[in-house]
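Residues 1 to 212 in our numbering are what the sequence shown lists, from first letter to last.
If you're looking for bench data, these hints aren't it; they were derived computationally from the structure. This structure is a prediction, so every number in the text was calculated from the model and none was measured. Every residue gets a Cβ at the ideal spot worked out from N, C-alpha and C, and that includes glycine. Treat each hint with caution, since some may be false.
Stated by the list, open to error - Cross-link-like lysine-lysine pairs, in silico, PhoX-like; alpha carbons within 20 Å at most:
#1 K109 <-> K144
#2 K109 <-> K83
#3 K157 <-> K144
Said to hold, decoys possible - FRET-style restraints, in silico, Cβ to Cβ:
#4 N45 <-> H179: 54 to 60 Å
#5 A25 <-> N67: 39 to 45 Å
#6 P177 <-> T105: 35 to 41 Å
#7 M2 <-> V26: 38 to 44 Å
#8 A34 <-> D86: 27 to 33 Å
#9 D86 <-> M2: 14 to 20 Å
#10 M131 <-> P64: 28 to 34 Å
#11 N142 <-> H91: 45 to 51 Å
#12 M122 <-> L4: 46 to 52 Å
#13 W48 <-> T105: 21 to 27 Å
#14 V26 <-> K157: 29 to 35 Å
#15 I166 <-> G143: 48 to 54 Å
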Amino acid sequence: MMNLSSTCMTGGGLGTRWVHKLEKAVPRAKGEGASLMVTDFVSTNYGWLRSPDGKESTRVLFRPGKNRDGYFTHDEILAQATKAMDILSRHYPDEDHILIFDNATTHLKRAADALSARHMSMKPMQEGMLMFGVETPMRVENGKPVYGPDGKVLKMKIQMGDAQFIDGSPQPLYFPPEHPRAGVFKGMAMQTAGSGLLLSAAPLQSAGLPRC
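Let the sequences and hints guide you as you build the complete structure.
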């Protein structure tokens, strides 16, 4: 089942037509105008994804823009995919379904608290230093991003989610609430020691991978 999306502009038409020789030019707004995005799931067997009674649908009409619906990000994609899976599992449970997306960057987003080794410290963070974590967009209660005066999305730092030992048990990356340094990142040396590895003093960042 393929995910398809299309965006139309109010002034996106070519506007080519025959004009009478007596007709005068009419001022028109410049630019393509406001846009409207429509996205849905479709397959050769079912057509557009719907419940048998047609009351449930995965179609989304979205008005892109900072002062409109915002921008169609991975959060909206996840919500649409979740709705598609709900419809398929509820009404078409006897078949195997595959949801297919293209390779747009919004389809490749990791979890907001996913593990990131970039700029990771060897030892626990010193007192007074900013929390080591990952950046994620600030959002209001309805899930829309918060924009700064420059029009860019504001971001905040959050703790990374737990790592995982080889036996599947969680490996917390920060000291627990009852610890004297609660919420502080433990550092790579302590994390790898818990896995039975010891780090040397050698540089941990490859010169060929500056963003590692």
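Okay, the hints, checked on the actual structure:
1. K109 <-> K144: This hinted pair holds, its Cα atoms lying about 17 Å apart.
2. K109 <-> K83: holds, 19 Å
3. K157 <-> K144: Distance of about 17 Å is within 20 Å: holds.
4. N45 <-> H179: 54 to 60 Å: holds, 55 Å
5. A25 <-> N67: 39 to 45 Å: This hint is violated: roughly 31 Å between Cβ atoms.
6. P177 <-> T105: 35 to 41 Å: holds, 36 Å
7. M2 <-> V26: 38 to 44 Å: holds, 41 Å
8. A34 <-> D86: 27 to 33 Å: Since A34 and D86 have Cβ atoms about 31 Å apart, the given range 27 to 33 Å holds.
9. D86 <-> M2: 14 to 20 Å: holds, 18 Å
10. M131 <-> P64: 28 to 34 Å: Given a distance of about 33 Å, which is inside 28 to 34 Å, the answer is holds.
11. N142 <-> H91: 45 to 51 Å: Hint violated: Cβ distance 29 Å, outside 45 to 51 Å.
12. M122 <-> L4: 46 to 52 Å: Given about 47 Å between the Cβ atoms, the range holds.
13. W48 <-> T105: 21 to 27 Å: Hint holds: Cβ distance 26 Å, inside 21 to 27 Å.
14. V26 <-> K157: 29 to 35 Å: violated, 53 Å
15. I166 <-> G143: 48 to 54 Å: About 36 Å separates the Cβ atoms of I166 and G143, which means 48 to 54 Å is violated.
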